[in-house]
Structure formats: structure tokens, C-alpha cells
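Take these sequences, add in the hints, and give me the full structure.
Sequence order for the protein chains is P, F and H. Letter by letter, the first sequence follows residues 1 to 220 in the numbering used here. Letter by letter, the second sequence follows residues 221 to 462 in the numbering used here. Letter by letter, the third sequence follows residues 463 to 940 in the numbering used here.
In short, the hints are calculated from the structure, not lab data. Since we're looking at a predicted model, the values are computed, not measured. By construction, the Cβ of each residue, glycine as well, lies at the ideal position given by its N, Cα and C atoms. Warning: the hint list may mix true and false statements.
[As the list claims (entries may be wrong)] A few chain F residues that don't get close to chain H, going by computed Cβ distances all over 12 Å:
{"hint": "1", "residue": "Glu340"}
{"hint": "2", "residue": "Leu373"}
{"hint": "3", "residue": "Ala424"}
{"hint": "4", "residue": "Gly441"}
[Stated by the list, open to error] Incomplete in silico selection of chain P near chain H, CB under 8 Å:
{"hint": "5", "residue": "Tyr34"}
{"hint": "6", "residue": "Thr132"}
{"hint": "7", "residue": "Lys180"}
{"hint": "8", "residue": "Leu217"}
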Amino acid sequence: MNEAKQEILSRIEVALKDVPKTDQKPDIYSQQDYRRQGDRSADEIVDLFVERVAEYKATVKRIDESELQQVMDASFAVQEVKNLIVPPGFPNDWLPDTIHPQHDNPESPLSHDELDQSDGVVTTCALAVAQTGTIILDAGTGQGRRALTLLPDYHLCIVRADQIVELVPEGFARFEESIKNEGPPITFISGPSATSDIELSRVEGVHGPRRLEVLVLNNK
Amino acid sequence: MQISLFITCFNDTLFPETGRAMVHLLERLGHTVTFPMEQTCCGQMHYNTGYQEETIPLVRKFVDVFEGAEAIVAPSASCVGMVKEFYPKVAERADDKVLAEKVDELIQRVFELSQFLVEELGVEDVGAYYPHRVTYHPTCHSLRMLDVGDAPLRLLRNVRGLELVELPDYEQCCGFGGTFAVKNAETSTAMLSDKMCNIKSTGAEVCTAADNSCLMHIGGGLQRQSSGVDAVHLAEILASTE
Amino acid sequence: MSKKVEQTPTFEDSAKAYLDNTQLRRNIGHATHTIRDKRKDVVDELPDWEALREAGDAIKTQTMRHLDKYLLQLEESIQEAGGQVHWARDAEEANQIITGLVKDKKVNEAVKVKSITTDEIGLNKALAEEGIQALETDLAELIVQLAGDEPSHILVPAIHKNRAEIRELFKEKLNKNELSDRPEDLAEAARLYLRKKFLNAKVGISGANFAVAETGTVAVVESEGNGRMCTTLPDTLITVMGIEKVIPRWRDFEVFMQLLPRSSTAERMNPYNSFWTGVTEGDGPQEFHIVLLDNGRTKVLADEMGRQTLNCIRCSACLNVCPVYERTGGHAYNSVYPGPIGAILTPQLKGLEDEGVASLPYASSLCGACYEVCPVKINIPEVLVHLRGKIVDEKKRNGGLKSKFEPEHIGMKLLSRAFANSKRYERAQKIARSGQKLFTDEGVISKLPGYLSKWTNTRDLKAIPDQTFREWWRQRNE
Numbered sequence: 001m002n003e004a005k006q007e008i009l010s011r012i013e014v015a016l017k018d019v020p021k022t023d024q025k026p027d028i029y030s031q032q033d034y035r036r037q038g039d040r041s042a043d044e045i046v047d048l049f050v051e052r053v054a055e056y057k058a059t060v061k062r063i064d065e066s067e068l069q070q071v072m073d074a075s076f077a078v079q080e081v082k083n084l085i086v087p088p089g090f091p092n093d094w095l096p097d098t099i100h101p102q103h104d105n106p107e108s109p110l111s112h113d114e115l116d117q118s119d120g121v122v123t124t125c126a127l128a129v130a131q132t133g134t135i136i137l138d139a140g141t142g143q144g145r146r147a148l149t150l151l152p153d154y155h156l157c158i159v160r161a162d163q164i165v166e167l168v169p170e171g172f173a174r175f176e177e178s179i180k181n182e183g184p185p186i187t188f189i190s191g192p193s194a195t196s197d198i199e200l201s202r203v204e205g206v207h208g209p210r211r212l213e214v215l216v217l218n219n220k
Numbered sequence: 221m222q223i224s225l226f227i228t229c230f231n232d233t234l235f236p237e238t239g240r241a242m243v244h245l246l247e248r249l250g251h252t253v254t255f256p257m258e259q260t261c262c263g264q265m266h267y268n269t270g271y272q273e274e275t276i277p278l279v280r281k282f283v284d285v286f287e288g289a290e291a292i293v294a295p296s297a298s299c300v301g302m303v304k305e306f307y308p309k310v311a312e313r314a315d316d317k318v319l320a321e322k323v324d325e326l327i328q329r330v331f332e333l334s335q336f337l338v339e340e341l342g343v344e345d346v347g348a349y350y351p352h353r354v355t356y357h358p359t360c361h362s363l364r365m366l367d368v369g370d371a372p373l374r375l376l377r378n379v380r381g382l383e384l385v386e387l388p389d390y391e392q393c394c395g396f397g398g399t400f401a402v403k404n405a406e407t408s409t410a411m412l413s414d415k416m417c418n419i420k421s422t423g424a425e426v427c428t429a430a431d432n433s434c435l436m437h438i439g440g441g442l443q444r445q446s447s448g449v450d451a452v453h454l455a456e457i458l459a460s461t462e
Numbered sequence: 463m464s465k466k467v468e469q470t471p472t473f474e475d476s477a478k479a480y481l482d483n484t485q486l487r488r489n490i491g492h493a494t495h496t497i498r499d500k501r502k503d504v505v506d507e508l509p510d511w512e513a514l515r516e517a518g519d520a521i522k523t524q525t526m527r528h529l530d531k532y533l534l535q536l537e538e539s540i541q542e543a544g545g546q547v548h549w550a551r552d553a554e555e556a557n558q559i560i561t562g563l564v565k566d567k568k569v570n571e572a573v574k575v576k577s578i579t580t581d582e583i584g585l586n587k588a589l590a591e592e593g594i595q596a597l598e599t600d601l602a603e604l605i606v607q608l609a610g611d612e613p614s615h616i617l618v619p620a621i622h623k624n625r626a627e628i629r630e631l632f633k634e635k636l637n638k639n640e641l642s643d644r645p646e647d648l649a650e651a652a653r654l655y656l657r658k659k660f661l662n663a664k665v666g667i668s669g670a671n672f673a674v675a676e677t678g679t680v681a682v683v684e685s686e687g688n689g690r691m692c693t694t695l696p697d698t699l700i701t702v703m704g705i706e707k708v709i710p711r712w713r714d715f716e717v718f719m720q721l722l723p724r725s726s727t728a729e730r731m732n733p734y735n736s737f738w739t740g741v742t743e744g745d746g747p748q749e750f751h752i753v754l755l756d757n758g759r760t761k762v763l764a765d766e767m768g769r770q771t772l773n774c775i776r777c778s779a780c781l782n783v784c785p786v787y788e789r790t791g792g793h794a795y796n797s798v799y800p801g802p803i804g805a806i807l808t809p810q811l812k813g814l815e816d817e818g819v820a821s822l823p824y825a826s827s828l829c830g831a832c833y834e835v836c837p838v839k840i841n842i843p844e845v846l847v848h849l850r851g852k853i854v855d856e857k858k859r860n861g862g863l864k865s866k867f868e869p870e871h872i873g874m875k876l877l878s879r880a881f882a883n884s885k886r887y888e889r890a891q892k893i894a895r896s897g898q899k900l901f902t903d904e905g906v907i908s909k910l911p912g913y914l915s916k917w918t919n920t921r922d923l924k925a926i927p928d929q930t931f932r933e934w935w936r937q938r939n940e
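Have a look at this one:
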């Protein structure tokens with residue numbers, strides 16, 4: 001065993017000499033009574049999500065899937081998006097004809113510069129949390145690797161209403177299996193990037209996408 | 221009720237008027253007050269400054285002096301806080317199980333004055349009269365350690381003639397902190413300066429609190445600045461009549 | 463032969479200058495008051511805040527009690543996921559490891575996410591000595607780095623600088639001819655400057671907010687996006703983490719990811735949280751190293767009462783409510799960790815031989831505001847008093863003659879004797895009463911000599927009245 005590791009472990013052992021051997025895994029979890037489950041209805045959850053995302057100064061709309069292409073088209077026009085980054089597995093038939101898609105895929109990944117110079121990226125998501133207006137990405141189908149949602153200045157994210165849970169604990173619980181098995185990189189996005197480093201006054205838009213747009217698809 | 225007065229070394233020596241007021245108040249409410257002469261100091265000053273070993277004999281003394289008392293009441297949230305929160309720890313440090321047991325039993329019967337009146341005696345109107353504009357400073361021990369809540373305010377609201385005004389930023393520490401007031405005198409003064417500013421902004425004639433330690437510091441500052449505002453202990457206001 | 467420990471300035475001495483700096487007082491006063499109120503709002507919103515605090519405390523306490531077990535589990539999990547684990551006993555060892563890893567990549571620049579841990583070990587300086595520039599990418603850290611300054615707050619390191627000061631700095635260092643002092647424009651200037659750096663960086667260095675033993679997942683909590691940049695774009699990522707940051711399970715995030723954002727930036731959730739587990743093919747760094755750092759943490763662990771200090775999740779809520787910090791600012795503490803948590807962590811990490819460090823546990827009026835807001839319920843006042851006890855014990859043992867003549871020591875000894883029985887006590891009262899006559903004028907003492915002048919410099923002192931309470935009581939009952 002590495003010398004440093006050995007020494008640190010033995011320091012810890014000495015430091016914890018007051019801890020009895022019977023102090024093995026006491027059940028600290030069943031006694032905890034913080035809220036693990038919300039009690040809002042499905043519709044209220046979506047409303048809450050939309051409300052919270054809007055508070056972060058992200059653009060958010062609730063639409064039916066049938067309107068999707070049209071709404072995306074309009075948004076891209078407003079945001080002046082021509083070169084659009086598209087992750088692997090993103091439904092191509094959702095894309096309007098007016099944009100120029102740049103598909104990223106594992107065989108030929110786009111370079112950092114290409115991502116930086118694009119006009120924006122579109123993705124789906126893995127899950128969303130209403131309480132905090134959070135979108136969760138796990139690099140799965142339709143979301144792509146992490147750099148895709150980091151470098152472009154505009155991110156359009158499509159969230160299905162049935163992907164939204166109410167509380168933060170519910171969000172984490174849903175990933176327990178996958179994080180233990182595949183261990184994908186997970187990113188929580190709660191609004192566009194910001195800083196409060198200048199006189200503690202919040203300024204939006206530093207390094208991540210400065211414009212975030214969320215489209216919530218109503219359940220069919 | 222038989223009430224044993226825990227006067228505190230501080231009040232005994234520097235603020236006997238607070239002790240006298242407390243006696244008059246409790247007797248007016250129909251209770252008998254006793255004063256065990258053997259008491260000296262609860263040991264808070266020593267404990268907080270790091271002289272925890274020296275606190276052990278003081279804990280023993282306190283336990284002996286007040287053995288068998290029905291209710292032990294002090295006009296000092298910080299001293300009561302010391303007894304209730306830290307005496308068990310001192311007994312543990314002394315590794316004395318007998319002492320620890322006695323302490324655990326005793327602390328159930330120790331009270332700060334305003335908490336005692338409102339929570340134990342169930343009294344909010346003590347029949348006082350005090351025709352002045354008063355602002356109340358919740359001392360850190362009463363606010364956070366003992367959690368007296370709004371007991372002092374309820375008592376003050378029932379004092380005839382008294383105009384109660386809320387202190388801005390009331391939860392901020394006044395800067396006393398025991399030896400902190402001398403060891404870190406400049407920072408202590410900066411905190412005091414803001415506290416006095418807030419007091420003056422209320423237009424109050426009197427600033428009151430449950431602890432004379434803080435009032436000594438606040439009053440000392442108010443006086444040095446010739447501010448025209450007095451610092452008066454809660455007990456004295458409650459004891460005051462026409 | 464024991465090394466003489468370098469003495470740093472005491473808090474009392476340092477604080478003076480900062481208390482007089484009215485710009486600083488205004489900046490910090492405004493900032494802390496604002497965030498205090500915001501925090502209260504987001505915390506009051508949660509009906510289960512106290513339950514979350516209890517849970518946070520329980521999980522952290524449990525973790526410390528079995529720290530070795532969890533660290534071993536963490537190492538195994540990270541290795542299984544394709545990451546590499548290094549152990550560092552102290553700052554020097556950590557710096558050696560990290561410098562070696564960077565040099566292996568044959569680069570002389572690395573991009574860095576804010577990490578107080580790296581400040582603690584002096585990483586930037588160690589890298590610079592090997593010709594490697596560590597570029598700070600957090601806006602505040604960038605400001606501090608460009609100014610050649612030191613951070614003054616755990617969360618908002620440049621809180622001591624206002625917008626005008628920052629504008630001047632950027633104009634000079636980022637070669638800008640025109641620049642307004644609006645925060646938006648300052649942020650934009652930083653963004654453009656750093657963008658280039660991010661796109662070309664080969665090595666990223668970060669800290670970690672948490673690391674999960676059960677899965678090997680490391681978490682970085684941030685607002686600006688530079689954390690994502692540094693942990694996603696370079697080929698190689700090196701993370702430095704204090705050993706106390708390990709948590710048992712993935713699901714513990716249910717608790718900590720509610721406690722942290724609400725306590726630190728007073729938000730329901732901060733903009734970006736990155737959770738990565740080892741290495742993922744085709745996504746992000748293909749080489750990941752984590753350096754597990756001791757550097758005194760096992761000393762803190764060994765102190766049963768002080769151990770709770772390690773529960774800290776670095777939210778800085780305690781700084782924001784501290785009446786002392788609010789007025790003196792962070793630099794007065796002369797430590798990477800300022801404020802209430804700094805006052806207990808620094809002495810335990812560094813030891814008490816440095817009189818500057820030993821002055822920190824006294825930089826508090828014990829008001830308890832910090833304990834009230836600590837999301838993991840660290841009883842900071844209790845640890846402060848405990849450390850004061852250790853300092854006094856140390857002085858008694860090794861202070862020699864000098865300490866025996868310190869005014870405080872003499873005072874405490876005299877009081878002990880006086881309080882021992884009521885006869886002695888009453889005698890002491892009488893002596894004090896007659897002794898004060900020299901200083902008393904109409905019941906007021908306005909000037910005291912020596913050490914006690916620190917009181918009378920700014921406050922009057924009530925003189926001992928002619929009759930003590932017990933004298934009155936005796937008389938009354940005659």
C-alpha cells in the first residue's frame with residue numbers, strides 16, 4: 001500500500017479511538033423525516049416548474065408536441081440561430097428545415113471551436129425538478145456529451161411534462177440505479193449562468209449558455 | 221411559591237438595584253423570596269474564557285447552595301444559560317457521576333426571570349407602571365440559548381404608561397461577549413456603535429434587557445456619548461409602580 | 463530539535479486597520495445584510511428545513527466516525543470507474559503530486575476552478591515555481607489573482623472590492639481602453655478573456671464539494687459555468703479534495719443539495735451542478751485524478767469535541783450573519799478560512815503555537831448567530847470555548863513565567879479564590895469597592911489603567927455602589 005495512504009489511514013484509526021466497535025452502520029436514515037415526496041398534482045407540478053424556470057430569466061413555454069416544430073422555428077428565428085448543434089438520438093423530424101443541423105456523434109465529434117462558433121444547441125433531457133426549476137441531463141439519447149450544452153451560447157431544451165418531478169429528493173432518487181451501474185456524467189441546470197461576485201449583485205451570463213429556452217411538452 | 225434568588229456575582233456587586241427590584245416584584249406577586257447567602261458566582265466568565273477546570277468547584281458550590289430549592293430564579297439570561305447548558309458538561313469534565321446527577325436534576329428548577337414569570341407563573345401583567353418610551357434589546361443568551369421568545373415583550377406590553385418601540389436589527393449582538401469586550405475592544409466598540417445607533421433611532425428614553433452584563437456595556441457607551449438614553453434592567457421596570 | 467513556529471499577527475491587531483476602512487465596512491455590511499435576508503426567505507419556504515439540518519448533521523457525523531471506511535470505499539469506486547486516486551499527507555505532498563501530474567502532460571498552463579482547498583495548500587505558488595501558470599477562472603478569483611490580493615470570503619472572495627475598483631483592475635490587466643463599471647460589462651470582459659483559455663486548455667484543476675463513497679461520484683456546485691468548463695473541456699482533470707468531503711451515498715445529495723444552495727447563495731438551486739463518476743468514454747476528460755488531502759484534518763478528527771468542525775460544507779452562512787466578520791472582513795483572520803468556521807477550523811488544522819492562530823477562538827462574542835444558521839448544525843460557540851480551554855491549558859503547561867503574569871491569568875486566579883466561599887467573596891467585594899475610589903467620580907469610572915483601559919477608552923464603567931445586594935438583604939432581615 002502507498003505510504004501516504006497507509007499513514008493517513010492509521011492517523012484516522014488513532015483519531016477515532018473513542019468510537020466503539022459496535023458503532024457499525026447505525027441506521028441514521030430511517031429516522032430522518034425530511035420530505036422525500038411532494039404532494040402536488042401532475043398539472044400543478046408542471047405549473048410550478050414553468051413558474052420557477054421563468055424566475056431564472058430563462059424563456060419557458062408550455063406547448064403540445066404538434067406545435068413543436070413551428071415553435072422551434074420561431075424561436076430560432078428570434079435567436080438568429082442558423083448553425084444548430086444536434087446531439088445523437090435527437091428526433092430529426094422535430095427539427096425545422098430552416099436551420100443547418102450540425103450532428104455530433106461519437107465517430108466524428110465536433111471540435112471545441114465548432115461548438116463555440118455555433119449559434120446554439122437543442123436537446124431533450126433526462127428529468128426535471130419543479131421545486132427548483134432544474135433540468136437534469138445525463139448524456140443520454142437526445143442530450144449528447146457535456147460539451148454540447150456548455151459551449152454554445154443558446155440552449156433550447158425540450159422537457160416532457162411527464163419527466164418533471166416535484167421535489168429535489170425525487171430527482172436524486174431517480175438516478176440511483178444508473179449512477180451505481182453506468183455512472184454517466186450528470187448535469188443539473190437551473191437557469192442560465194450567473195455570478196454574484198461583484199458587490200453581491202447577481203449578473204446573468206458568464207460562461208455557460210447565456211440564453212436558455214425551455215419547451216415543456218404537454219402529455220398526450 | 222418559595223423562590224430562591226440566584227442574584228449573580230455581577231448583580232450582587234454592581235447592580236444591587238436589580239436584585240432589590242426583583243425581590244419587591246416577586247413579593248408583590250405574593251411569593252416568598254429566600255436568598256442563600258453562600259452563593260458566589262456561576263463560573264461563566266471562567267468557563268467562556270477557557271478556564272474550564274476552575275469552573276468545577278464553582279459548580280459544586282452552586283449545587284450545594286441551592287440544594288432542595290423549589291425554584292431558582294436569576295435576573296440574568298447568560299448566567300442561567302451557563303447553568304442549564306454547561307453545568308452538565310462541567311460535571312462530565314470532572315468525571316463525577318454523583319455531581320452529574322445532581323446537576324441534571326437541579327437545572328430543571330433554574331429559570332431566567334422573564335421566562336419564569338410568563339412560562340412558570342403564567343403571569344404577563346405584573347401590575348407595573350413605568351411612563352417612559354422603552355426599547356428592548358434581546359440579549360444573545362436569552363434569544364438563542366434560552367429561547368425566552370417574546371416573554372419579555374409580553375411583560376413590557378402590559379406595563380401601564382410604557383410606550384414600547386421595536387429596536388431595528390434587534391437580533392444583532394451588542395458586542396459585550398464577556399472578555400471579548402476588552403480583548404477585542406475595537407471590534408466590540410464597532411458593534412456597540414451600531415447598537416447605540418439603532419437605539420437612538422427609536423427615540424427611546426430607556427433601553428432595557430434581561431442581562432445587566434450587556435446593559436453595562438450598552439449603558440457605558442450611551443453614557444460616554446452623553447446620549448441621554450438610560451440602560452435599565454427589565455426587573456426594575458417590572459418592579460416599578462405608581 | 464523543534465522548529466520555532468512563525469508568529470502571525472493576532473486578530474485583535476489585524477482588525478483595527480480593517481475596522482477603520484469605511485469602504486470595506488460598507489461593502490461587506492451591504493453584502494452580508496442582503497444575503498442574510500435572502501437566505502431567510504428561501505429557508506422559511508421549506509417546511510422541513512430543521513429536518514434537513516438534522517439529517518445533514520447525522521450523515522456528516524456518521525461519516526466522520528467511520529472516515530477511513532468511507533475513504534477506502536471512495537477510492538475503490540473511483541478506480542472502478544476509471545479514475546486514479548492519490549493520497550497526500552500534507553500541502554507539500556499534494557503540491558508535489560499535482561505538479562508532477564501537470565508536468566507529465568508537458569504543458570505550462572492549467573485552468574482552475576475556485577477551490578479554497580487549493581488556496582490552503584498554496585497550489586498556485588507551487589505550480590508557478592515549476593513554471594506552470596494556474597489560471598483562476600472564477601470571476602472573483604480572477605479579480606483576486608489579477609490584483610495580487612488574497613480572498614476575503616469563502617464564497618465571494620472579492621467581496622472587499624467594489625465595482626469601481628474592479629473596473630480599474632480589468633482596464634489595466636485585461637488591456638481594455640474603455641470599460642464601464644456595470645457588473646454586466648465587467649462580467650462580459652472576463653468571459654471573453656477566459657473563453658480563449660478554456661477552448662485550448664489541456665489540463666483542468668478543480669476542488670470538489672462532495673465525493674460519494676458508494677459510487678465514486680464527485681460533485682462541483684457553481685454558478686458561473688467555469689466549473690463545467692474546467693471539468694469537461696480539458697483532456698486531463700485533477701481534483702483536490704479534503705478527506706472530510708466524502709459522503710456515504712448518492713442519495714445523501716437529497717439533503718446536501720438542498721442545504722447548500724439555500725445556505726450559500728440563498729437560492730433554491732444554484733445554476734450548475736456537475737456530477738461525474740470516474741471517466742466516461744467520449745465525454746469529457748479521459749484522464750481523471752483525485753488527490754485526497756489530509757493536511758491537519760486528522761488532527762481535527764482526533765479531537766472529540768472539535769470533530770464536528772469537519773462537518774462543514776463550506777456554505778459561508780456563518781460568515782454572513784457574524785457581527786464580527788461583518789465589521790472586520792475576512793483578511794483580519796489572516797487565514798484562508800475566515801469568519802466563525804475559520805475561527806475554529808484554522809486553529810485545529812494549524813495548531814496553537816502561532817499566537818495569531820491562537821487569537822482566533824477569541825475573535826467572537828459567542829453570540830451564537832452562526833450556530834443558528836449552520837446547515838449541518840456545527841455548534842461553533844461550543845467549539846470556540848473548547849479551543850479557548852485548550853489554549854489556556856497549553857499556557858498553564860508551557861507558558862512559563864510570562865503567562866503567569868498576564869493580566870487575564872492573574873484576574874482569573876484572583877476571581878477563583880474570591881468565589882471559593884462567600885466570606886472571601888464578600889471581602890473581595892469590599893476591597894474592590896474601596897479600591898475603585900481612586901477612579902470613581904459620581905458613580906462613574908471613565909478611566910482605568912493598563913489592560914482595563916481597553917474598556918474605558920470607549921465606554922464608561924459603572925462604579926460599585928455603596929451597598930451590595932447582600933448587604934441590603936442582611937440589613938432588611940435584621
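Against the structure, the hints come out as follows:
{"no.": "1", "hint": "Glu340", "in the structure": "23 Å, holds"}
{"no.": "2", "hint": "Leu373", "in the structure": "19 Å, holds"}
{"no.": "3", "hint": "Ala424", "in the structure": "19 Å, holds"}
{"no.": "4", "hint": "Gly441", "in the structure": "5 Å, violated"}
{"no.": "5", "hint": "Tyr34", "in the structure": "4 Å, holds"}
{"no.": "6", "hint": "Thr132", "in the structure": "4 Å, holds"}
{"no.": "7", "hint": "Lys180", "in the structure": "6 Å, holds"}
{"no.": "8", "hint": "Leu217", "in the structure": "22 Å, violated"}
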